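Peer 1: Protein chains in written order, with the numbering used here: chain A, 1 to 126; chain L, 1 to 368.
The hints are simulated quantities; they were obtained by calculation from the structure and are not laboratory data. Computed from a predicted structure; not experimentally measured. Treat the hints loosely; a few may be bogus.
[Unchecked claim] In silico lysine-lysine, DSS-like type, Cα no more than 30 Å apart, as pairs: (1) L:Lys346 to A:Lys43; (2) A:Lys122 to A:Lys43; (3) A:Lys26 to L:Lys261; (4) A:Lys101 to L:Lys346.
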Amino acid sequence: MSDVKFSKEHEWITLEGDIATIGITKHATEMLGDIVFAELPEKGASVEKDGTAGVVESTKAASDVYTPISGEVVDTNQSIVDDPSKINEDPEGSAWFFKLKMKDKAELDSLMNKEEYDKFAKESAS
Amino acid sequence: MEIKKTSLYQLHQDSKAKFVEFAGYQMPIQYPEGIVEEHKFTRNHSGIFDVSHMGQLFIYGDDNLIEDLEKIFPLDLKNLKLNHSKYSFLMNDEAGIYDDLIITKIEKGFLIILNAACKENDFKILRRLLNNKYEMLLDNERSLIAIQGPKSVKILSDIINGVEDLSFMSGNWFFFQEQKIYITRSGYTGEDGFEISLPNNCAENFTKKLIEKGAKLIGLGARDTLRLEAGLCLYGHELDKDKTPVEANLKWAISKDRVSKGNFIGSNIINKQLNDGVSKIRVGIKPEGRIIAREKTKIFNQSDLHIGEITSGTFGPSVNGPVAMGYVENEFSKKDTKIFLEVRGKKHPANICGLPFYKKSYVKGANK
């Protein structure tokens, strides 16, 4: 598995070949609180970098989930739709959101590495 | 305007609360355990709510006061026993609701608990309606703490002997560290519990005692999910100046005797609506899937006609699913009527349902 990259919208992304796995960060789940609803993109759908590709809701509010890269949705994680509390439990592991067949590898260049993201998250929280 | 803090602010901060501004006050929305855990703890054990931002209005006067208040509230106040409480409304001439409130008969007068966002305006309206004839005090020197949940009676009676004998919607004066505190058996979560009015200078100490006995601080976030599951209205959402108590499906709170006699503000409209029916009415709404329909979500019937709007909607942790309340046209208000909720451009099936979503466990003597 390759390195994890992060977006300013608090998504994480890992890459295996040209298949990217995307989820939301632990920091994002801490900001959101208890997640009680998740909506994922349709399999086969095309999504554009920085476009919405799902929704998460806490008891308080709804938030869009964005895709940090463009591509075709090849798989979605039904288990987080059935039990959204899994997103709070393991956001950067088993509670991934969707997998994309990546269109343009260059889109990864604008994303942050872990160190950069941690700094960004800390600054945006304060 | 400077944001106000309650006398428990420091305790909230020490308990690592996340704060939110609510009605001009810095209030805890949640603590580290989160809304779902706080909600469940209240249902299963005992939660403490700082509701000191709410108004505590003391009005003192003689029999004329009772008569004058009956011109304002649709209640049989002449027969309200000492230390007994009633849920009621402050209305305009069209029976639109300025505020919903709890009024308690105390010695020489009444104590009225008002919503935080409405209290200053309520005070002005009431002073005008009462022609400045009576002593009125919107008391900022007192805090208001609620303790709610099945273990609350044990916890509170360990500190204040005798509270276990209070029946639902009644109260009395007690002492805490030689200070007079007023306790009623009431609340807004659908659980058995108490509300304690006490001087600011002992509020923190008192709350710490409750915590020592096993109760936990609960934020406004869980207060909202608890009251919604209990089918209780929140001012500014289910209730406002454009809605009447009959439309809000709260006619149980209006004295039948007073309606037949009329002679209170809004009585003409109330009377008319009770006889002729209303065009829109508050209902409970249960989405079929997991979709959460928030405030302002549009409601459609099976023929795709727009028939109403959601006023509150969230995930109910005890129901373990989404719950909502809203207003629909009267003809679509029957239980089990199939409706559709438009969320993010898609229409999702839902059903009109009875309230509450979660069965109340108020203790003995529930009065209506």
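Peer 1: Sort out whether Lys346 of chain L lies within 30 Å of Lys101 of chain A, counting only the CA atoms.
Peer 2: holds, 27 Å
Peer 1: Sort out whether Lys43 of chain A lies within 30 Å of Lys122 of chain A, counting only the CA atoms.
Peer 2: Cα-Cα ~34 Å, so violated.
Peer 1: Could you grab the alpha-carbon distance between Lys346 of chain L and Lys43 of chain A and see if it respects the 30 Å cut-off?
Peer 2: holds, 18 Å
Peer 1: Taking 30 Å as the top limit, are the C-alpha atoms of Lys26 of chain A and Lys261 of chain L close enough?
Peer 2: Roughly 62 Å between the alpha carbons, so the hint for Lys26 of chain A and Lys261 of chain L is violated.
Hints 2 and 3, counting from the list given before, are not met by this structure.
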